[in-house]
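**Student:** Here's the letter readout for the chains.
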Amino acid sequence: MGAKEPIKIQNLSVSYGNQKVLKEINLEIPEKGITVILGPSGCGKSTLLKCFNRIIELEENVKVDGKLFVDGEDILHPKTDLIVLRKKMGLLLQKPQVLPMSIYENVAFGAKIHKKMKKSEIDALVERELKKVNLWDEVKDRLKSPADKLSIGQQQRLCLARGLAVEPEIILGDEPTSALDPLSAEVIEKQFLKLKENYTIILVTHMLRQAKRLADYVAFIYLGELVEFNSAPQFFENPKDERTKKYLSGLIAG
Amino acid sequence: MPFKKFEEKIFKGIMYISFSLLALSLFSIIVVVFVKGLGSLSFKMLFSVPKGGYYLGKEGGILNAILGSIAIGTIATALSFLYAFCIVFYINVYRFSKSKFSRIVRFFLDILWGIPSIVYGAFGFGIMLLFKIPASLLAGALTLSFVILPIMARTMDETLRMIPFEMKQAAYSLGATRFEISYKVIIKQAFPGLLTAVLLAFGRGIGDAASIIMTASYTDSIPTSLLRPVATLPLCVFFQLSTPFKEVQERGYAAAFVLTMLMLLVSLLARLSFRSFSKYVVK
Amino acid sequence: MDELFFSKLKKRRRVNRLARKLSFFISLSVFFLFILICLMLFGSSFPLLKENFFSALFGSKWLPHDKQFGLGNFILGSVYTTLIALLISVPISLFTAILIAEYMPNKFARNTKLVFDVLSGVSPVVFGFWGVMVIVPLTRNYIQPFLASAFPCRLFISDNKSGFNVFSAAVVLAVMVSPLMVSISEEVLRAIPFEVRQATMSLGSTKWEMIKKVLLKRGLAGLVAAVILSFSRTVGETMAVLMVAGCQIAKTPISLFDPAYPLPALIANTFGETMSIPLYKSAIFLAAFVLLALTLASNLFGWSILLKIEEESS
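Chains as they are written, first to last, in my numbering: chain A, 66 to 319; chain B, 211 to 493; chain C, 101 to 414.
Bound conformation, chain A alone:
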């Protein structure tokens, strides 16, 4: 599971109208473990993340240049099959977005779209994924109730289960815990640590301590540029760039 080879980003630039938000990013993301994209708010981290499954194209006035290789193919090429690509990736947004359906239907949504399945198969799938995110026991008696009645932490776990149900290789997380209470955040973080054995995980965060807890690799983005990329121990203990040092010591806000 997980990507078959490292994800290669070549000269990736993204502009919103006239404003260039990402400037010629060159990066190679290892196919194993958790890569954290770190940096102050508003510096292009989310934009970078949304390029991986090309969700960025849903926004208006966006221009994306460069190449992004997943499993050896440039997914920014117009001939890419978006559905196949997006099925490979699971996305967790900052504010959990449950779909307007029951808990059961939320989890089953993606899987049902891609494959025709028998009811028993769907039941098994829902139970399996909810168990993966430690939500099964809390909701097993009310699977048919509306999903937006759950607490925000439960909703985020539901979104994670929903994303895992389509059997992705890569999990993308855009500040997945910043809207949650500390208890729920901890639960989600624990999931990621468990999941990294089988999935390629790319997390965006501006929280330094979370990065320290979770990261195997760190890419530091500042003002749209890739400043430094290294394995986590190296990054935190031996930062090479001045800006990295400043950020790590708290001299740069965000």
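No wet-lab data here; the hints were simulated from the structure.
Any given hint could turn out to be false.
Stated by the list, open to error - PhoX-like cross-link-like pairs, simulated, lysine-lysine; straight-line CA separation at most 25 Å: (1) A:K88 - A:K310; (2) B:K310 - C:K408; (3) C:K312 - B:K222; (4) A:K160 - A:K205; (5) B:K394 - A:K214; (6) B:K308 - C:K110; (7) B:K215 - C:K312; (8) C:K108 - A:K183; (9) A:K183 - C:K111; (10) A:K184 - C:K110; (11) B:K215 - A:K85; (12) B:K394 - C:K121; (13) C:K207 - A:K144; (14) B:K394 - C:K111; (15) C:K317 - C:K307; (16) A:K209 - A:K180; (17) C:K307 - B:K456; (18) C:K307 - B:K215; (19) C:K408 - B:K308; (20) B:K219 - C:K213; (21) B:K394 - C:K110; (22) A:K177 - B:K394; (23) C:K261 - C:K317.
On the provided structure of chain A, position chains B and C as indicated by the hints.
**Tutor:** The following block gives chains B and C in isolation, referenced to the frame of chain A:
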């Protein structure tokens, strides 16, 4: 300064008088409809058709118009719903909501909204003459569906634009096609708003007479075929009221009453539907 | 990713493409519908326009059996009735809008608007019905005699004592269109930023003074737009005028109490008789075309004003 305060008092008085005049007039309409209508209601009035030919006979009731209005209203609303949904779905899902194409479509919907319903009636009449189609339930319903299309589309459009962008992002991220997102996610989230659109359009539709006077004609019988003329409540009021016979006029009062009650009920339901039917809607 | 997935994917993509194409053409059709309406009406009225353009539009002789068709009286009837309706409606609507926007507490204002919206959504035929039951007798028995004797001038004196006249129609139309005008005017006033009001009030003026000097000046364009949009709504109204305006051919309305025969009423009343005489048909379609042009022009004008206001404020 005393003059300024005095001036303000005068104008405030004018404001209250204006408001009262308007409110009074509107309420007196309801009062007149009630007073005249209740007096002429009876079981026979509501459940039998007029007898005596050429809808001027003194016997019978307004069942023809009641059923006719419901028939033409339902068909026109259904046709209009399908038409409007395809348009609104395309400009919001397959195109950016603010794109040039979408804005042009909305502009023409606005233009269509501003066309008086008698003009639609003349248009429908012209088509009928051209293709030798008789005045009928079908012709009237088609014409009426054009009249209510802009209202239906506008309300639907506003509803779809309120769907949170992140919800669509999440659904696309799971690998759904645009079509799948429309019928699996958007319809569910927008359901109360869509219901409101349908009800508002239906209410407007059954009250319109100008578009169907030329295309649906009138008749004494209840609607049995799409290709025969059909009676409607607004035309019932108009025709029966203009006769000198008291019994016939009574039918007009009853029709006005039923029509008003129906429209008020639909209007109320339209505003309430926002709250109910939203079990799975994410707030 | 297995075989099942890819075969289903193919079908899903096909369905998506089909939905896209279909809904694209349906969206395009709103443009073609409009063009079709214009063409149909113009084409049908062309035979008459070809014969005599000016007398068809502006002539006042309407003698179908003599093949004379002049829409002049009908256009005059429409415009006259509408202008009087606006004359009645504008002050009432404006002051009501000011009351709702500036003096009413929010909750009360919201409920009032709701009630107005609901009541004004009532069928035009019911407005006509109310007109026949209430306004026509009022005009016939009280207003007309009083005004004719108190101010004996061409405006108030008329042979027509039936009560079905320009004035009655104008009153009914005014009540019909006032909720719309109140609604637009109220929005225009509310759109003026709070700071503007604060600034003036803090200099010690009364609320009315602030309204008079600042809001009405800044909101003037929007209020004018409201009136223009109400004009198009009113001039296109059919059933209410049909029942209340008198609808007598060959009478040029001069007095308020003369009968009028607005364009929509003409179309609704005579379409059935048009079969036997070919030019008669053209005349009716010409009436519809004139109505279309009138309302379109007025709407576009009103919207362009509102658009400009929006652009200026952002």
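**Student:** Go through the numbered hints given earlier and state which of them the structure violates, listing their numbers in rising order.
**Tutor:** 6, 11, 13, 17, 23
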